[in-house]
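First to last, the sequence lines map onto chains G and A. Okay, so the first sequence: first residue is 1 according to the working numbering, each after it adds one. Okay, so the second sequence: first residue is 1 according to the working numbering, each after it adds one.
Just so you know, these hints were derived from the structure itself, not from any lab. Computed from a predicted structure; not experimentally measured. Just so you know, not all the hints are guaranteed correct.
As the list claims (entries may be wrong) - Cut-off 16 Å, straight-line C-alpha distance, at most; resulting in silico cross-link-like pairs (EDC-like, lysine to aspartate or glutamate): (1) 124/G x 315/G; (2) 5/G x 178/A; (3) 344/G x 292/G; (4) 367/G x 265/G; (5) 2/A x 183/G; (6) 38/G x 218/G; (7) 5/G x 29/A; (8) 31/A x 240/A; (9) 265/A x 289/A; (10) 9/G x 178/A; (11) 31/A x 178/A; (12) 232/G x 41/G; (13) 311/G x 183/G; (14) 2/A x 362/G; (15) 2/A x 182/G; (16) 346/G x 362/G; (17) 230/G x 41/G; (18) 33/G x 315/G.
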Amino acid sequence: MSFRKNVVKAVGPFLTALVIFAILFLAPFHFGKLSDKKLTEAATSMSLEILKGDTIKNQAVGNIHYLPFFGSSELTRMDSFHPSVLANKYHRPYQPFLLGSAGTQSLTHFLSLQSMGGAAEGKKIVFILSPQWFVSNGVSRGMFAHYYSPLQVYQWLSQTEKPDDSSKYCAKRLLQLSFSQEEESTKKMLVRIAAGEPLTKRQKFICQIQINFLSREDDFFSRFNLISRKDKVETEEKKLPATYDLSRLERVADQQGEKASSDNDFDINNHFYNEKIHRRLKELAGSQQTFDYRSSPEFSDFQLVLDEIAKKKMDVLFVIPPVNERWSNYTGLSAPMLAEFSAKIKQQLTSQGFNNVVDFSDKGKEKYFMEDTIHLGWRGWLALDQNVQIFLEHENVPRYRIDPYYYSKEWQQKKNG
Amino acid sequence: MKSLSPYETPYYFILLIILLLPLILRLLEGKRSMWYQNLLTFFFLILSFGGNNKSQGIALIFYIVWQIALVSTFFWFNQKRGQLFFYSAVLLAILPLIIVKVTPLVTGGISFIGFLGISYLTFKSVQVVMEIHDGVIKEYKISYFLQFLLFFPTISSGPIDRYRRFVGDLENVPERFEYVGLLGKGIQMIFLGFLYKFILGYLLGKQLLPFVASAALAERGFSINLLFYMYVYSMYLFFDFAGYSLFAVGTSYLMGYATPVNFNKPFLSVNIKDFWNRWHMSLSFWFRDYVYMRLVFTLIKKKIFKSRVTASYAGYLGLFLLMGAWHGLTWYYLVYGLYHAGLIILTDRWTRFKRKHQAKIPSSRWTKFLAVGLTFHAVCLSFLIFSGFLDTFFKSLH
Numbered sequence: 001m002s003f004r005k006n007v008v009k010a011v012g013p014f015l016t017a018l019v020i021f022a023i024l025f026l027a028p029f030h031f032g033k034l035s036d037k038k039l040t041e042a043a044t045s046m047s048l049e050i051l052k053g054d055t056i057k058n059q060a061v062g063n064i065h066y067l068p069f070f071g072s073s074e075l076t077r078m079d080s081f082h083p084s085v086l087a088n089k090y091h092r093p094y095q096p097f098l099l100g101s102a103g104t105q106s107l108t109h110f111l112s113l114q115s116m117g118g119a120a121e122g123k124k125i126v127f128i129l130s131p132q133w134f135v136s137n138g139v140s141r142g143m144f145a146h147y148y149s150p151l152q153v154y155q156w157l158s159q160t161e162k163p164d165d166s167s168k169y170c171a172k173r174l175l176q177l178s179f180s181q182e183e184e185s186t187k188k189m190l191v192r193i194a195a196g197e198p199l200t201k202r203q204k205f206i207c208q209i210q211i212n213f214l215s216r217e218d219d220f221f222s223r224f225n226l227i228s229r230k231d232k233v234e235t236e237e238k239k240l241p242a243t244y245d246l247s248r249l250e251r252v253a254d255q256q257g258e259k260a261s262s263d264n265d266f267d268i269n270n271h272f273y274n275e276k277i278h279r280r281l282k283e284l285a286g287s288q289q290t291f292d293y294r295s296s297p298e299f300s301d302f303q304l305v306l307d308e309i310a311k312k313k314m315d316v317l318f319v320i321p322p323v324n325e326r327w328s329n330y331t332g333l334s335a336p337m338l339a340e341f342s343a344k345i346k347q348q349l350t351s352q353g354f355n356n357v358v359d360f361s362d363k364g365k366e367k368y369f370m371e372d373t374i375h376l377g378w379r380g381w382l383a384l385d386q387n388v389q390i391f392l393e394h395e396n397v398p399r400y401r402i403d404p405y406y407y408s409k410e411w412q413q414k415k416n417g
Numbered sequence: 001m002k003s004l005s006p007y008e009t010p011y012y013f014i015l016l017i018i019l020l021l022p023l024i025l026r027l028l029e030g031k032r033s034m035w036y037q038n039l040l041t042f043f044f045l046i047l048s049f050g051g052n053n054k055s056q057g058i059a060l061i062f063y064i065v066w067q068i069a070l071v072s073t074f075f076w077f078n079q080k081r082g083q084l085f086f087y088s089a090v091l092l093a094i095l096p097l098i099i100v101k102v103t104p105l106v107t108g109g110i111s112f113i114g115f116l117g118i119s120y121l122t123f124k125s126v127q128v129v130m131e132i133h134d135g136v137i138k139e140y141k142i143s144y145f146l147q148f149l150l151f152f153p154t155i156s157s158g159p160i161d162r163y164r165r166f167v168g169d170l171e172n173v174p175e176r177f178e179y180v181g182l183l184g185k186g187i188q189m190i191f192l193g194f195l196y197k198f199i200l201g202y203l204l205g206k207q208l209l210p211f212v213a214s215a216a217l218a219e220r221g222f223s224i225n226l227l228f229y230m231y232v233y234s235m236y237l238f239f240d241f242a243g244y245s246l247f248a249v250g251t252s253y254l255m256g257y258a259t260p261v262n263f264n265k266p267f268l269s270v271n272i273k274d275f276w277n278r279w280h281m282s283l284s285f286w287f288r289d290y291v292y293m294r295l296v297f298t299l300i301k302k303k304i305f306k307s308r309v310t311a312s313y314a315g316y317l318g319l320f321l322l323m324g325a326w327h328g329l330t331w332y333y334l335v336y337g338l339y340h341a342g343l344i345i346l347t348d349r350w351t352r353f354k355r356k357h358q359a360k361i362p363s364s365r366w367t368k369f370l371a372v373g374l375t376f377h378a379v380c381l382s383f384l385i386f387s388g389f390l391d392t393f394f395k396s397l398h
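Bound-form chain G, shown alone (with noise of 0.2 Å):
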């Protein structure tokens, strides 16, 4: 009898702790629904767990409270404008959902959309995209790897059935930039999507498997406290006129911008400029006028974001913020190329449907349009809210028609759109 009794000392905690394991990251339920104060601190966050995760992201995209923005570092620009502050404080209809952070771009954009299946059926988006993305090697591999989530990737995976263009496309790129922490048998499973094979039947397993945990865990973290910046467009939002007046709004932009950009002629916000600027600023000047945003991979990339919109039968608005003009005239990064740039990508948009188009590319020279370089500030958010209250107010059925043209390597190298 004592002998049981060892043996049970001896393996007991190791099954319990079994036991444990078990019930959090394989038993098929659920930890239930967020609090919708969780929502609300999320919406800010811009932290990796949200965009790495399914759990909050996927809430928030399916209630109808929240209005998603894709985008990448100007999302964190928050002053009085942003619009996570305007929309708390003149109390709209809809919270901005902030989706991106310094160094997402399309491709990591279109994993974190397919990612959210149903949910983004019919949805109404903001999708702010940078020129500064389509460099000509594409998305960085360590800024790819950053964002890299290992669910959404199966969560692909998975649904890929028969590889058409974009899979394949998707595939060869993912292998690109695959990374050394990767899964060997996520590599294997991308080379053949690649070759237009479907999964095998334990490929098909093993994403099962890798889903069930990854999601659990997601599912358990996504309980835990994450950062907010509440208090942020609290503070921000008392500088604002208590009721909504255009005229009003734009004064205390001039103001506000005028005085956060005193240190310099720029217009550049001074903490920007004194941290990242300053230091350098005389092997800076010319330094972008061989700066060219026309021939990149990332307009394929980006072509896969406006393939998965097409199927979730999004409508979106896409905004082409400028650059400052008092920098680049200092860097001389070109004007005609920009101008080019933004008309290659209005092709690809309008000529598939994607008609819901602001472009600001003709705003760098407007003062305190931009908070510092490329980013957009004070005037700039104020515009964008002004072509968002238009999006929302109309209802439209979008119809598109995608073109796998744009995954080829004549559209990404095409200079004259």
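Using the hints provided, position chain A relative to the given structure of chain G.
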């Protein structure tokens, strides 16, 4: 097929637990299924040294044939020969390791006769040669020696077991009650290892270390960040290696072998001698028994040094220089060895001084705190040298 390094992925542990289960169930009945253990060993060797590591696997086979031929010949003919025979046997046992260590210096590439764990197998083999020579290993069986070398839980990085101790466990299956104790401890060790290696070691080594490293390099000179690097690296080194050792010892326990432990709270040592009795113990004891003791004994017997104290200092110097050279033939490993030899000689001087002036030197709880603190910092400094980061650091200054 991709090979699987021991104790690195969840998959390895799942496989390990499932495949150990039949062995564990038999041991709970007081019996050991030797054929199953051999099958398991074979399987795990294929797993680690097969697939894309096949060239290492072939090197391992040749190495094993070499050592068995050597040790068996030595055992059979030992009685009739003299010292020269013994010395050549030791040299031949170390030869493959020397070639592997020197090749990168000469050709710049990795030697094709090397494989993961060659050092640890060499330590085992040399040990057997020396103990046969001493006459303490009286019974030698090729099959036992093979079991000893290829014991898979410890094959890649130790702990370094002792032949006679191992054979004791091999011949005597633990009694049921005794085994249950081993089983419980083994499971506990493996789980503590998870905490050490995959949580603490990961946070320190993968998250914090790159961060403090770039901070230290960004200063372009000595700064407090270099100190942070030193602490983080030292902690990382401990948790990573102690975690690994816990897996190896824990797995041995599950198989009914009481492989010796490798660490015993090393950062609480009161002096450097104490530290080496607590840090990577199986290695330092090996160096103590098979290098230091023999060197000092020879130095005294041949009357090279008159004083026993001087002989023991020469012994320390030999021990730590050799240990440094074993880690790798770079300046920082050699300095690491010299530094530790210096520290241990200094400690010995101090202990002698203290013994003479016992009445005048205070001793209390606080002096003990001081001693632990001093030892900790002296050790951390040695790890900073060991890390090779200073090499990168100095090069970045130019």
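Status of the hints after comparison with the structure:
The suggested pairing of residue 124/G with residue 315/G holds, with an alpha-carbon distance near 5 Å, which does not exceed 16 Å. As the CA atoms of residue 5/G and residue 178/A are separated by approximately 14 Å, the hinted pair is consistent with the 16 Å bound. Taken as a hint, the residue 344/G and residue 292/G pair is honoured in the structure, with Cα atoms around 13 Å apart against an allowance of 16 Å. Between residue 367/G and residue 265/G the CA atoms are separated by roughly 11 Å; this keeps the pair inside 16 Å, and the hint holds.
Of the pairs offered as hints, the one joining residue 2/A and residue 183/G holds, with about 11 Å between alpha carbons and a cut-off of 16 Å not exceeded. Simply put, residue 38/G and residue 218/G have alpha-carbon atoms about 15 Å apart, close enough for the 16 Å limit, and the pair holds. For the given pair, residue 5/G sits about 15 Å from residue 29/A by alpha-carbon distance, which is consistent with the 16 Å threshold. This hinted pair does not check out: residue 31/A and residue 240/A have alpha carbons roughly 34 Å apart, beyond 16 Å.
At most 16 Å may separate the alpha-carbon atoms for a hinted pair to count; residue 265/A and residue 289/A exceed this at roughly 22 Å. Proximity of residue 9/G to residue 178/A is assessed by CA-CA distance (about 13 Å); at most 16 Å being required, the pair is judged to hold. Among the hinted pairs, residue 31/A with residue 178/A is consistent with the structure: their alpha-carbon atoms are about 12 Å apart, no more than 16 Å. Straight-line distance between C-alpha atoms of residue 232/G and residue 41/G comes to about 11 Å, which keeps the hinted pair within the 16 Å bound.
Simply put, residue 311/G and residue 183/G have alpha-carbon atoms about 29 Å apart, too far for the 16 Å limit, and the pair is violated. Straight-line distance between C-alpha atoms of residue 2/A and residue 362/G comes to about 54 Å, which puts the hinted pair past the 16 Å bound. A distance of roughly 14 Å separates the Cα atoms of residue 2/A and residue 182/G; the hinted pair therefore holds under the 16 Å criterion. Straight-line distance between C-alpha atoms of residue 346/G and residue 362/G comes to about 14 Å, which keeps the hinted pair within the 16 Å bound.
With a CA separation close to 6 Å, the supplied pair residue 230/G and residue 41/G stays within the 16 Å bound. Restraint check for residue 33/G and residue 315/G: the C-alpha separation of about 26 Å exceeds 16 Å, so the hint is violated.
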